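> Using the sequences and the hints given, assemble the complete structure.
Numbered per mature numbering (1 follows the signal peptide of the UniProt record, and there is no 0), the sequence shown spans residues -21 to -1, 1 to 599.
Calculated from the structure, these hints are not laboratory results.
Just so you know, not all the hints are guaranteed correct.
[Unchecked claim] Just the calculated beta-carbon pair ranges, DEER-fashion:
id: 1; residue 1: T222; residue 2: Q201; range: 18 to 26 angstroms
id: 2; residue 1: M371; residue 2: H289; range: 35 to 43 angstroms
id: 3; residue 1: K571; residue 2: R348; range: 54 to 62 angstroms
id: 4; residue 1: R559; residue 2: R304; range: 32 to 40 angstroms
id: 5; residue 1: N149; residue 2: L248; range: 24 to 32 angstroms
id: 6; residue 1: K507; residue 2: L273; range: 50 to 58 angstroms
id: 7; residue 1: R141; residue 2: R562; range: 18 to 26 angstroms
[Unchecked claim] Pairs of lysine-lysine residues, derived as DSSO-like cross-links and limited to a Cα-Cα distance of at most 27 angstroms, are as follows:
id: 8; residue 1: K449; residue 2: K520
id: 9; residue 1: K446; residue 2: K484
id: 10; residue 1: K131; residue 2: K520
id: 11; residue 1: K194; residue 2: K550
id: 12; residue 1: K550; residue 2: K445
id: 13; residue 1: K446; residue 2: K550
id: 14; residue 1: K439; residue 2: K488
id: 15; residue 1: K520; residue 2: K439
id: 16; residue 1: K515; residue 2: K571
id: 17; residue 1: K550; residue 2: K571
id: 18; residue 1: K439; residue 2: K517
id: 19; residue 1: K491; residue 2: K449
id: 20; residue 1: K439; residue 2: K550
id: 21; residue 1: K367; residue 2: K239
Just so you know, these numbers come straight off a predicted model, no measurement behind them.
All residues carry an ideal CB built from backbone N, CA and C; glycine is no exception.
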Amino acid sequence: MIASKIWNILLDLGILLSVEQNNVFEDSRSLYQFTFEECEAQSCDFRNQVNWTNAVHLLLQLVPYVLMPAALVEQEEDEDEDESSDTSSADRATVPTFDVPYFRYIDEEGTEEEGEEEGWCSSRSLSSIEEEDSSDSSVSHRYAAVPATPEKVLEHLLGHLRLDEEQKKNLLDDFLLTYPVFMSTSDLCQALLGQYPSHHMVKEEGRDTLLRKRKVLHLLSQWSSLCADLPRDDEHAKLFLKTLYRYVLDDLYEFPSLEKDLKELQKLLRMQRRHLKDNWHPVRGAQRDRKEVLCRVYMTIDSYVSVRTHGEVSVQELLSTVAERLDCAEDDMVLMAVTYPGEKVLLQSDQCVFSSSLSAAERLHVCRRDLTEIMSPFTDNGQQRSVKMLSMNTWDVAVSLTNCDWSLFSNVHEQELVYFTLSRDTSTGHMVALEQLLQRCNETQQWVMTEVLLCPTLCKRVQLFKKFIKIAAHCKAQRNLNSFFAIIMGLNSPAVSRLTQTWEKVPGKFRKLFSELESLTDPSLNHKAYRDAFRKMKSPKIPFLPLLLKDITFIHEGNKTFLDNLVNFDKLHMIADTVRIIRQCRTDRMGKLRTYINYLHVIDNQQTLFELSHRLEPRT
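In structure tokens, the structure reads:
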């Protein structure tokens, strides 16, 4: 029987070919031949005796995972039992099938896991077949090659989870970060439910059943901690949590040890309900932390003011902020939504700016109350605004830029980079924080260009150049490479770099400093200068996000997700490693120092202090 299984493995892998094109090995009933094309090559690994023995040993390891067709299983049972006892398994319309290894994980050292956990995994499934029209109404049994499905990948992942020891979490972390590459959230939820043994499934041994249940709940716990907001915003995830909660609640009497997992699941459900309440009751939700947004308020067709505010801001609040920014009277301003065809809708002062009535195709415009002329303060007060910029301290400006970028960067979820690369679910809020940070980088670059090009005086433009060069240097010193790149690219833009008369007036030490800073943005050798400098910087630091997204895109576009019915997990591992860079950037190495400073250990008794002093240096 073992020999038959080995021949069937070779037949399924295409090493052995059936002359009659049968899908099942039938000893002495059909003719077969080997495919010699690969084995005749000089690079074949099995040309010597040692490697051939290893290959046979590998086939013997795969034998226990192979389920034979029902006809061959019957034949083996008949040899052990009485010949008069018949079974009806040959009359069934479903037969077990097996799949070639579909999941291979390569760790950081590039070596495959050894032994039973070396990445090989066989899955058993039932596939229905049609009965062929024949005189004896026989059933055609065959193997079916099933491609790598989310259920099988998850089955392998759960099989490698260890709950009783501190294990390396790279495999689980890679999967949770990159599962959107080959499966949706609904697929993951459905696969998790399928892996959770319920009362409707065939009963297994109690210990194995409990272990499988705990592994599913452990994976859910890790998923919720890694993706705190994403599962709550998905309808399939909401239904999945409720269904799984009912399953665990039903199992609590039989498995009391699931009580801790049940409490964790209850926390997730409470967070989901609180999330729904915040969405339906904006007044009550305003008392909690509100999501920040970057709002563009246009004054002309091509110029706007970027306002950082919250998602529930009213028209009056926004007008007050814009009026303060533009040094204009708030009473003389109104806010309206303008569509691309040119239709204008006046917004009331008590109206919420980001309401359902404001579509994504509309833009916010501020204008005078008589609606006769759209304000253009940049043209009217350009010289005054430049003077205001020149009066600001460069270090303070760099600190403000870094604080703003850090608040946006700290809200970026790691999985947003994967969704951005896939360009999937752009309307479901999966990439809000990332889009805000990219928008901020773009606006910083345009802000530098705007400030310079709206300054009419040559000497003041020279002062602005010096200011921005110093601000860029301060941003680099503060490890804010996002604003650093934006400022350098703004000064290097064609409209600014062509101002040769202005650049000639810039002092030599500032031009030398600018050349040194500019060298970090050199794209040669795949941005080697930037990568080397970034690697030497200590955390916390803010990377240049567009380059990080480009790296992920190159990995995704340059490597196939599926290779010969195998999930290319090496590709997913590379994507996850790149995504984890932002986790390393947000590592707060100053945490211990901050804790030490916040909780000072003091002695306020002067007598005790004198005793300590005399103990250190007694009186002579």
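> Each hint needs a verdict: does it hold in this structure or not?
Verification of the supplied hints:
Take T222 and Q201: their Cβ atoms lie about 19 angstroms apart, and the range 18 to 26 angstroms holds. One distance hint, 35 to 43 angstroms for the beta-carbon pair M371 and H289, is violated here, with the actual separation near 26 angstroms. With their beta carbons about 56 angstroms apart, K571 and R348 fall inside the hinted range of 54 to 62 angstroms. At about 38 angstroms, the beta-carbon gap between R559 and R304 stays in the expected band of 32 to 40 angstroms.
At roughly 30 angstroms, the beta-carbon separation of N149 and L248 lies within the given 24 to 32 angstroms, and the hint holds. Between K507 and L273, the C-beta spacing of about 32 angstroms breaks the proposed range 50 to 58 angstroms. Remark: the range hint 18 to 26 angstroms for R141 to R562 is upheld by a beta-carbon distance near 23 angstroms. Restraint check for K449 and K520: the C-alpha separation of about 19 angstroms stays at or below 27 angstroms, so the hint holds.
Restraint check for K446 and K484: the C-alpha separation of about 14 angstroms stays at or below 27 angstroms, so the hint holds. Between K131 and K520, the direct Cα distance comes to roughly 39 angstroms. Violation of the 27 angstroms bound is thereby established for this hinted pair. Of the pairs offered as hints, the one joining K194 and K550 holds, with about 25 angstroms between alpha carbons and a cut-off of 27 angstroms not exceeded. Distance check on the hinted pair: K550 and K445 sit about 45 angstroms apart at the alpha-carbon level, beyond 27 angstroms; violated.
Only pairs whose Cα atoms come within 27 angstroms are accepted, and K446 paired with K550 is rejected, the gap being roughly 44 angstroms. Between K439 and K488 the CA atoms are separated by roughly 18 angstroms; this keeps the pair inside 27 angstroms, and the hint holds. This hinted pair does not check out: K520 and K439 have alpha carbons roughly 32 angstroms apart, beyond 27 angstroms. Taken as a hint, the K515 and K571 pair is honoured in the structure, with Cα atoms around 21 angstroms apart against an allowance of 27 angstroms.
Only pairs whose Cα atoms come within 27 angstroms are accepted, and K550 paired with K571 is rejected, the gap being roughly 36 angstroms. Among the hinted pairs, K439 with K517 is inconsistent with the structure: their alpha-carbon atoms are about 36 angstroms apart, more than 27 angstroms. Between K491 and K449 the alpha-carbon distance is near 12 angstroms, which keeps this suggested pair within the 27 angstroms criterion. The hinted pair formed by K439 and K550 fails the criterion: a straight-line CA distance of about 52 angstroms is larger than 27 angstroms.
The suggested pairing of K367 with K239 is violated, with an alpha-carbon distance near 59 angstroms, which exceeds 27 angstroms.
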